[in-house]
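My request is simple: use the sequences and hints to build the entire structure.
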Amino acid sequence: MTTAPHPEGRTFLSPLTGLFAKVETSLWFPIGVVLALFVFFSFATDSFATLRNFSAVSGQAATLLIVCLGATFIVLMGSIDLSVGAIVLLVGAVSVSVLNALNIGWLMIPFAALVGAGLGLVNGLIYTRGKIPSFIVTLGTLSVFSGIALTLLDGRAIQFNAPGLENISIGQWIPRLPNIALWAILAWVVLVVIGSRTRFGRYMYLIGGGEQVARTAGVPVERYKLYAFALSGLLAGFGAILAVARLGAAGPSLGSDLLLNSLAAIVVGGTSLAGGVGGVHRTLIGVLIIAILDNGLNLMGVSQFLQMIIKGLVVIAAVLVSRKSGADQVIK
Amino acid sequence: MSSRSEWNSIPAQRPGDAAHTGGNLLEVRNLSKSYGPVQVISDVSFDVPRRSVVTLVGENGAGKSTIFNILSGLTAPDHGTLHLAGAPYSPPSHRAAVAQGITRVFQEQSLVQNVPVYENLLLGEEARFTRFGQWVDRDAMIRAAREIVSDAGLDVDVRRKTGDYDFSTRQSIEIARACLTPKLLRGVTEPLVLLDEPTSALDRRDEESFFSLVRKIRQYGSLLFVSHRLTEVLEISDVIYVLKDGEMVTRVTPQETDEHRLHGFMVGRERATDYYYENRQQTTLPVTPALRAEGLRVLADGPEISLEIRPGEILGIGGLLDSGKSRLGKAIAGVIRPLAGQVAIGNGPLRRPDIGRATREGLGYIPAERLAEGIIPSFPTAWNFSTGSGGDLFSNRFGIWHGRKERRAVRSHIDTLAIRSATPDLAMSRLSGGNQQKVVLARWLERKPDVLILDNPTRGVDAGAKQEIYRVLRDLTDQGVAIILITDELLELIGLSNRILILQHGGVVAEVPAPADAKPSEQTLVGLMLSDPGQAAPPAPPVAAPAPDAQTAAPETQLEAAE
Chain A
1 MTTAPHPEGR TFLSPLTGLF AKVETSLWFP IGVVLALFVF FSFATDSFAT LRNFSAVSGQ
61 AATLLIVCLG ATFIVLMGSI DLSVGAIVLL VGAVSVSVLN ALNIGWLMIP FAALVGAGLG
121 LVNGLIYTRG KIPSFIVTLG TLSVFSGIAL TLLDGRAIQF NAPGLENISI GQWIPRLPNI
181 ALWAILAWVV LVVIGSRTRF GRYMYLIGGG EQVARTAGVP VERYKLYAFA LSGLLAGFGA
241 ILAVARLGAA GPSLGSDLLL NSLAAIVVGG TSLAGGVGGV HRTLIGVLII AILDNGLNLM
301 GVSQFLQMII KGLVVIAAVL VSRKSGADQV IK
Chain B
1001 MSSRSEWNSI PAQRPGDAAH TGGNLLEVRN LSKSYGPVQV ISDVSFDVPR RSVVTLVGEN
1061 GAGKSTIFNI LSGLTAPDHG TLHLAGAPYS PPSHRAAVAQ GITRVFQEQS LVQNVPVYEN
1121 LLLGEEARFT RFGQWVDRDA MIRAAREIVS DAGLDVDVRR KTGDYDFSTR QSIEIARACL
1181 TPKLLRGVTE PLVLLDEPTS ALDRRDEESF FSLVRKIRQY GSLLFVSHRL TEVLEISDVI
1241 YVLKDGEMVT RVTPQETDEH RLHGFMVGRE RATDYYYENR QQTTLPVTPA LRAEGLRVLA
1301 DGPEISLEIR PGEILGIGGL LDSGKSRLGK AIAGVIRPLA GQVAIGNGPL RRPDIGRATR
1361 EGLGYIPAER LAEGIIPSFP TAWNFSTGSG GDLFSNRFGI WHGRKERRAV RSHIDTLAIR
1421 SATPDLAMSR LSGGNQQKVV LARWLERKPD VLILDNPTRG VDAGAKQEIY RVLRDLTDQG
1481 VAIILITDEL LELIGLSNRI LILQHGGVVA EVPAPADAKP SEQTLVGLML SDPGQAAPPA
1541 PPVAAPAPDA QTAAPETQLE AAE
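Line order of the protein sequences matches chains A and B.
One point on numbering: in this note's numbering, the residue at position 190 of the first sequence is 190, and numbering is uninterrupted.
Count along the second sequence starting at 1, add 1000, and that's the number in this note's numbering.
It cannot be assumed that every hint is accurate.
[Stated by the list, open to error] Here are the computed distance ranges between Cβ atoms for each label pair:
#1 A274/A <-> N1396/B: 41 to 47 angstroms
#2 S143/A <-> D1157/B: 57 to 63 angstroms
#3 A49/A <-> Q1134/B: 54 to 60 angstroms
#4 P133/A <-> T1189/B: 29 to 35 angstroms
#5 I309/A <-> E1147/B: 52 to 58 angstroms
#6 D1164/B <-> S97/A: 56 to 62 angstroms
Calculated from the structure, these hints are not laboratory results.
Just so you know, even glycine gets a beta-carbon here, dropped at the ideal spot from N, CA and C.
Next up, the structure:
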């Protein structure tokens, strides 16, 4: 072999053009849905296409996105994490209790993230050591974590007393963009890089695509499953402290809509529940679809009950359309 | 071969000759099919005479499976015509093909494991056994299933769960279903049975009943057969068609050809005289072992196995399907936990084997079930290639992935191993079996291993790629790599190994030396595989002393003297 066996015609622009070429064709459909929803709601209501509303939507969608990022890796490796909403609730409850007892200020953020990671690790340990399906494990811890949180909160919403902390969420270091949305975007960028450029990311795909193949090739599958659950917990904890800071309190309903919305966003984004297909980059689009749908329907004055129906149908339709046609596989 | 003459005598036993009882059951004319730009078969014509066994041979990717898919209604041809029993035939679905009397045994088993055998035998036929619409007449089903089983000469209780039977018996059940349901249930007088590599998973014990079933079907129907085993093809076929690169190369009869010439047609060249490169077999081996296993137990009530392998040696492991030889390979590699025992790699200490640590210490393992354990078909070649080295070669200590290094490495292996049509980004499912296996091989070559454990490395691999894999194995032993070769292919076992262990029920019953100038015969090995180790004085070649004749015993002493 001589110098360049496979000329690829690299120019200084190739990273950019490569980026566009790399956007999988299957991504265009969900992106189209986002645009269609955007156009539809812009015409249907006066208040949708306003900067003020976009600020509101980004604030609401941010927690969902942060929580979904970790959960996407779990789905990518063929498992499922039903407990993210419960982790958000528990971390929120612990956070307000700690904040009201000690004045640790900014340190609250890493503290909350670590508590979340610990809870995720609990999930992961039960899952890998006990060899119990992740669906069962996280269904159980969903109930356990929620129970502990509600005991801590005594069933009430508790406000926190830490002046200035709310700034990390509702402040605007970039005008019109609430900080919580900024955090979410940063987290997304970091996790997209982790997903595509690290060993952890590659192993998530391998475990999801063929766990037995990965194991047979010497991949430490159990360890990486543990990492994934810890990461999911960590991000849920991070999302929780931002949500608490944004709301100024932690109440029993914190995170209650995350269970359905996170799975909906991940699946609508195009990460397959079968594992090995998709990725965090897609989850951003899924979150946008869910968030715009929520917001737009609210603005149109559609009732909550009808909204539930519509959202459910959208999730099913999205998967139906993006499914590989003609793939004769067993669906469970 | 002793059974060869037996086969050739069959046409004489049949009532009337196929040639003058009504010509062809199936006529295929000018069949073409392409997937996108890839022409899979072009202008293929052949005939299946009534009451005959016709075989299609060819390397992987020659188009055999596509022809089967067209005949069984799974895909439609682009051009060409089919005639079944004189009438135009173009099945719109697999169901339609079955209704017209064409059944098929697929390469992968399609039996439902957790239902009784009779339900599998009559799968899709339940409507025949219902009364008042929905009520299933179980007794009638069991009666019909028993008839199929006894016709096929199988010793199977149809009420038992299918999964209770071993792989080989399940394969026999599947063959019996395809062969016998058309006539017994649907009243098809002239069935055509398509068999895709049916015997590759069969135990030697079940092979004989398969052959007698074939004889039985041929009294009224026809069989179209695909196989990689040329000896077997020559034994059972009336007519052989050779495919190469989607085109029909020639039509021959077993009487006018032999294995070498057949192979020559398939790959476009005569088989090299030294197919297994026996002259490159290492004769002097270093004393220090490359791998040592102590007291390994792989079956619950099995004995313990200890073995050693030296650098440059190929240790063959043979045995029937239930002998535990695959489990032994997995246990040594640490893919499964052995029930007891320890393994030392190189100068390392004896430890419970673990595949993660073993790969770091210089071991590689190639599993037999390529699609379930070897590769992820939907993933790119590069990803499948780098799977074994994610922890060190292709990522740094911060966990950053070396994407470019990965692509460079996989490209160089694609070149050196001649992995046809592969690119780093192409999904593995688009490669043929042989090329997929080369990627798995490359996965470990990249790590420059000291020990390689291969479980049926050439299963489902075409003859051309097979020989290339053998060459690579010899290259590796030249460099001092120790190889444990577990295989069902006797000729491969004999041809490649320096030394052969025969396993029965999870224990070693014999160790047979196999130096290049004194290879043991197939009969010797089969005898050892089937011998009864429980008997005090076995009538077959003595198990305790596996070298009964001076010819095989002598080279072993030479070998030891040489060290």
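Hints and how they fare:
1. A274/A <-> N1396/B: 41 to 47 angstroms: violated, 31 angstroms
2. S143/A <-> D1157/B: 57 to 63 angstroms: violated, 46 angstroms
3. A49/A <-> Q1134/B: 54 to 60 angstroms: holds, 58 angstroms
4. P133/A <-> T1189/B: 29 to 35 angstroms: The hint (29 to 35 angstroms, Cβ to Cβ) is violated, given that P133/A and T1189/B are roughly 51 angstroms apart.
5. I309/A <-> E1147/B: 52 to 58 angstroms: Given range 52 to 58 angstroms: holds, Cβ gap about 55 angstroms.
6. D1164/B <-> S97/A: 56 to 62 angstroms: holds, 57 angstroms
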